[in-house]
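Residues per chain are reported as follows:
4 protein chains.
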Amino acid sequence: MIPRYSRPDMARIWEPENKFRIWFEIEAHACDAQAKLGVIPASAAKAVWEKGNKPYTAERVAHIDEIEKVTKHDVIAFTTELAEHVGPEARFIHQGMTSSDVLDTCLAVQLTQAADLLLSDIDGLLAALERRAFETRDVACMGRSHGIHAEPVTIGLKFAGFHAEFQRNRERLAAARKDIATCAISGAVGTFANIDPFVESHVAEKLGLTPEPLSTQIIPRDRHAMFFATLGVIASSMERVATEIRHLQRTEVREVEEYFSPGQKGSSAMPHKRNPVLTENITGLARLVRGMVTPALENVALWHERDISHSSVERMIGPDATVTLDFALARLTNVVANLVIYPDAILRNLNQLGGLIFSQRVLLALTQAGMSREDAYKAVQRNAMQVWNGQGRFLDLLKSDDEVVSHLGSAAIEALFDLGYHTKHVGTIFQRVFGRQE
Amino acid sequence: MIPRYSRPDMARIWEPENKFRIWFEIEAHACDAQAKLGVIPASAAKAVWEKGNKPYTAERVAHIDEIEKVTKHDVIAFTTELAEHVGPEARFIHQGMTSSDVLDTCLAVQLTQAADLLLSDIDGLLAALERRAFETRDVACMGRSHGIHAEPVTIGLKFAGFHAEFQRNRERLAAARKDIATCAISGAVGTFANIDPFVESHVAEKLGLTPEPLSTQIIPRDRHAMFFATLGVIASSMERVATEIRHLQRTEVREVEEYFSPGQKGSSAMPHKRNPVLTENITGLARLVRGMVTPALENVALWHERDISHSSVERMIGPDATVTLDFALARLTNVVANLVIYPDAILRNLNQLGGLIFSQRVLLALTQAGMSREDAYKAVQRNAMQVWNGQGRFLDLLKSDDEVVSHLGSAAIEALFDLGYHTKHVGTIFQRVFGRQE
Amino acid sequence: MIPRYSRPDMARIWEPENKFRIWFEIEAHACDAQAKLGVIPASAAKAVWEKGNKPYTAERVAHIDEIEKVTKHDVIAFTTELAEHVGPEARFIHQGMTSSDVLDTCLAVQLTQAADLLLSDIDGLLAALERRAFETRDVACMGRSHGIHAEPVTIGLKFAGFHAEFQRNRERLAAARKDIATCAISGAVGTFANIDPFVESHVAEKLGLTPEPLSTQIIPRDRHAMFFATLGVIASSMERVATEIRHLQRTEVREVEEYFSPGQKGSSAMPHKRNPVLTENITGLARLVRGMVTPALENVALWHERDISHSSVERMIGPDATVTLDFALARLTNVVANLVIYPDAILRNLNQLGGLIFSQRVLLALTQAGMSREDAYKAVQRNAMQVWNGQGRFLDLLKSDDEVVSHLGSAAIEALFDLGYHTKHVGTIFQRVFGRQE
Amino acid sequence: MIPRYSRPDMARIWEPENKFRIWFEIEAHACDAQAKLGVIPASAAKAVWEKGNKPYTAERVAHIDEIEKVTKHDVIAFTTELAEHVGPEARFIHQGMTSSDVLDTCLAVQLTQAADLLLSDIDGLLAALERRAFETRDVACMGRSHGIHAEPVTIGLKFAGFHAEFQRNRERLAAARKDIATCAISGAVGTFANIDPFVESHVAEKLGLTPEPLSTQIIPRDRHAMFFATLGVIASSMERVATEIRHLQRTEVREVEEYFSPGQKGSSAMPHKRNPVLTENITGLARLVRGMVTPALENVALWHERDISHSSVERMIGPDATVTLDFALARLTNVVANLVIYPDAILRNLNQLGGLIFSQRVLLALTQAGMSREDAYKAVQRNAMQVWNGQGRFLDLLKSDDEVVSHLGSAAIEALFDLGYHTKHVGTIFQRVFGRQE
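Chains as they are written, first to last, in UniProt numbering: chain A, 1 to 438; chain B, 1 to 438; chain C, 1 to 438; chain D, 1 to 438.
Same shape as in the complex, but just chain A:
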């Protein structure tokens, strides 16, 4: 997590102020539950809320850090500091709980907070993609397979495809959020030996979590693995959009361009440069998030009821994966929203191959006119290769090819060269993706 690639709302989730606030809520709600059970005095629970419910300021955080240097234990440092506010009844705080009850439930809250921000990022991206998709729904452009001109699509279809992909990512993230949103307050090895399961249910409800069915001091790590794996998929989708834009911006294509503000310098050495640096950056950020999936998967097989090897991993990838993805999604949304589109270039590229993009339609027409598929393929390829080698335009050549003309006639050949033929189902596809055609 480095400032250059962080946004404040996501970064704040991982700051000590937020963490301690969540710890406080867990402990205070647990006290309420313990008081209801009669395990601790009601006055103690009340004291915790009345005297302890204050913001965790930078000063308090620093003080807790000081205490931790002595105790070498973060949760003990926290409760020690809290006791300074609450007074003698503080001894009832944390009764029957183990540190992991606090740490793991806190992580669950942080990850759901992070997931909510990411879901909102995706909503922003979806909105931008939808707007641009409808704006460009009918802007016919070259479709390319293998980087080679194939048949026409529309710019809008590209945006719509990304929209469909991010709808899926939204669903996946919502599922991953649910997977991670559990609360464990079950004691040293998860048996509730020293604490009633009611405490867990109570805290879970107050924090918007569900009780973990079976914890073993810790929440099982397959949940976190699934969460980070899902972020890895989203990062890869992001890279797909970024790669498309980078391709379309390259000098020879230049159908789109990242917005370039008037004063911006593209290169210290070459003043003419306007580079797709934002989408290149997103490509790199995607690699980073993807690189965190395997460590998260390796965290699953902890020893027996738990070991603590996952902890250092999560201290790093918890913030890094969510902050990086948040930043990258916001940047991508911005790129999409402001992407400059060049209709002239799009049209020029569409016409570049002299009509070759209609080759399949000609092939089908010849088949329907009675030629075998094999013969038709040969006839089309024969003319296509001439165009490819710069020896004429496809339509002209076909009209000079006796075998082709004898099957179709000149007028019918010309009628095949029609962009509308390719875009006639765009509305259908938009209906599928957006539930509306315009």
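Derived from the structure by calculation, the hints contain no laboratory data. Take the hints with a grain of salt, since some may be wrong.
As the list claims (entries may be wrong) - Computed list of lysine to any residue pairs in SDA-like fashion (alpha-carbon distance at most 20 Å, straight line):
1. A:K378 with B:K54
2. C:K378 with D:P88
3. A:K36 with A:E89
Everything numeric in this text was worked out from a predicted model, so none of it was measured.
With the hints as your guide, set chains B, C and D onto chain A.
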């Protein structure tokens, strides 16, 4: 995919016989739809089913391979061979379709077939885990954090925890199966220029798939990425179970043992060895499946409407990940079902630390008896460290500690040393995991 | 390892015939050493060579497999079959050795054999790159950063850069080969309790290996990890070359093209297509090899003196990584050797930006003529942006810009537009890479 | 890079103060070279050193950051600030160079600085391992394969094995350091169009680097990939040592223990706990470093002469991988140096299996006494299985087995039960690893 780690049902999904069968069904159903639309003669569709609907034998597969050596194109080789059976009306097969329509829809069918087998594997594992969990529900054993004795759990809780984890994995796999189960018959760049969307819907319905909302010659690869990422999570859970068994079987612990058949040799050099080789093997297989996640993620960002770099990756990880996981899940099920459990060793280990496992309960009792948490911690640790250093049993030491006795009294101290205290909520947890307590 | 992506020489290394041959040699050389030590009769060692030194035919392999079904142990099956040839003195074979002595030393031999093939593949690639580099040394072409035209380079420089990279890869692979080429015959836990270290030295020498300084039944897996990590780096370099070619072949650039044989079909649907499918394939194969690095790294931390979790991983990635890389390197060599280069397109692209590629030189000239860098940058950018927006050619605009002209004069401006200025050090660079300029 | 897992010397390498210092040196040395070539006035080069050669204080860093907010370009911000110190002759700074010349050469310097620290960390670890190895050279302990008792080794052999592994890692890192230590000052696309190669050679020499043979604005990323892959191997070796210690510390084994200071608290809930938290932490840190290998490999295939997708990856993994590895190596050294070793427990475990560890030796003796290997194996296994099932000690059983006694006699059987037999070659192995036996 190597025979040693393959089971026939899963391997068969990836054999040419199954692949060509699926291709045939795609093409034949597509012909039906085209005939309904009036694009091709009804007689042609009928001929395909009546003359072409035959098993793909080894001979036919070999013949198709021969043809491919000439055409250098697998789908063309396939339709060429099919034409030999169907006769002249075969020219209506594959009309308006592109190879990827067949290949990608086929892959979707294969992956759903594979997912169904894997779901059934998980069901088998869940059944074995549930049976063993209830058998050992009340077998108290040592719970360990950091590999160090903590407090008692039961063997049944271990099985129950794995059951809960594989319930989650089942849900994740079901979601991933749904994600992957789409059909694309949309032509060269996904615009339906040469084929009506009705063909896609028809084939999808017949094959138990849903139509892909927006394909671009191919089905978007975020779906496959999610599928393989999910397999990676399941593999990691499998490793967790395997690791637990390996730990419990090590000579110094030896609470459980993989079933060892009478004639089996553990080591060519050391005749006394009985090694947890099955769970070690599963550990390695988990690494393999996990290693396929990143290539699947890297497949997402294909160029423009598609490039073919994903293909070689999927040719390998499609079979390898599913076959390996299927084999490993079956092996794990077998290990769990036949695991030998040694109650004597379990009890011996439970008592190894001279009662230290009750330390927290003593701590809590002291707190409730009025000591500050800090003083209580010191009193307990003082005695615990003596036990740890081999200077007596915990109960005896506590009863000789004036400060402790003054707060609790000897009888109350003894009453704290009670296993039932730790297992009293096992039923509650079983209820959560299995919906029943016995 | 699938036939489609395998070449016979590399595949053969991993077949049982080769494996058993290596096992035989290890056992037979070990017998020689044991005989020299007087541990076994000299006649026994002689008998092994005289009666056992026969090719491992398919029949023998099948017979060994039959025996293994009974013994459930591969090395015992092997020695049992060998005993059928050698007779009663076969009981002296494998004395004091453990299976891993045979298995791990065999793997070392196989990996060095594989490394030798890969080194030879790289030599082939280097030769092709060198030839193409000198052929195109002076073919000026557009250099691109961020996919955007920057300043001129030459096609030869591209090849030379790949050559330099594969020289480094050759060195890395040679180091990795050395790392992996050790022999361990040290017994059940590596202590030589039952076998003299002389046996290890003797076998090592005969097989071209060095004795493993400290083995623990097995050769430590950091060696294998380094080997596979090195393959991952090589795969990534391969992907770099493949990506460059894919970019240069895309329709709008089309400066190069993979060789396309006359009868080849690019697309079943679009007869005009000529796709860079070989380099796309190499891109996917690179992902596969890279995906095997992490499992190899995870194999390092085996438990105590050894566990067997690494075995299944190596059974798969040993063949898969080497066979795939061998195939891909050969394919890449073929692509490079036969790459079609289009000088016209190269020139057209070079001129596409109307001279903008000289912008930096103009900037420098203005600075040298006394303008501040900031002012010069503004002057150049002002004109560059006009060109970028299609409002003229760069040279013309500069000659109409009073500020620029006042500093440089028209003639001097024109003189700056000189390709030779950019290529003047190509010879120097070739000297560095190839040790010769022509 | 989070403070908890950072050490100041390594962290400092990645701080702006160090970065700007390196940038200054690159620019200043480049000015010297340009002055020698007569490209810029000698007075300018002199001015840079005399007026600009001052420490980069926090104030200067902040000021550069301010400028960058306007210029949106880091190198321009840097040279702008430098100009404020140097005066008008500052316009000669950076002539003919491109930002990457500075950035990439700086990264090379930072990575070599980091490598030097890591090499020194490894030296520290090697020293600790060597000391502990000789201390415990003859402390016989159980060797374990598959977690099951096998035959005796010594504690010293374990340390020696790790020493040998880290010797190899030292060599690998030295090679990776050399790979990364190159200087590129070659201009916008690496052609030296605007700058003489002499500048590069001069700066390289002054900074202890070698000139990059062929750069393309940037240094090729296979170098960095190899560097990070090497760190991944080292991290995995570290995990191996950590895993061994975690195993040996588990309660049932407890042969060693991480040093536990008097006031330390192992658990807030269970006062008796002494957990191997340092080696667990190292295990997690190893996962993190390993997770950075794949992003580094994905950075290799940049587009054409360069794109900037690698940059964000390196901004994160550059510091994170080196800082984390440095911290973990130092922590591991500390763990090894202070590891508490329990000879009593080691001996107890060694005797746990009632002499089964001598089974192979008995097997060999029987073979040498004329039994077939198969019969001998059966005889040994028959008795071994009784021991395993708790029905007696191995020596007693063998002496009651008529077949065994008839071949060996009682006295000879007893003589086989000798620890010295297993440790007789420890000196030989130490000689190989350390070049000395004591």
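Structure-based check of each hint:
1. A:K378 with B:K54: Distance of about 30 Å is beyond 20 Å: violated.
2. C:K378 with D:P88: holds, 18 Å
3. A:K36 with A:E89: Given that 20 Å is the threshold and the Cα spacing comes to 16 Å, the pair holds.
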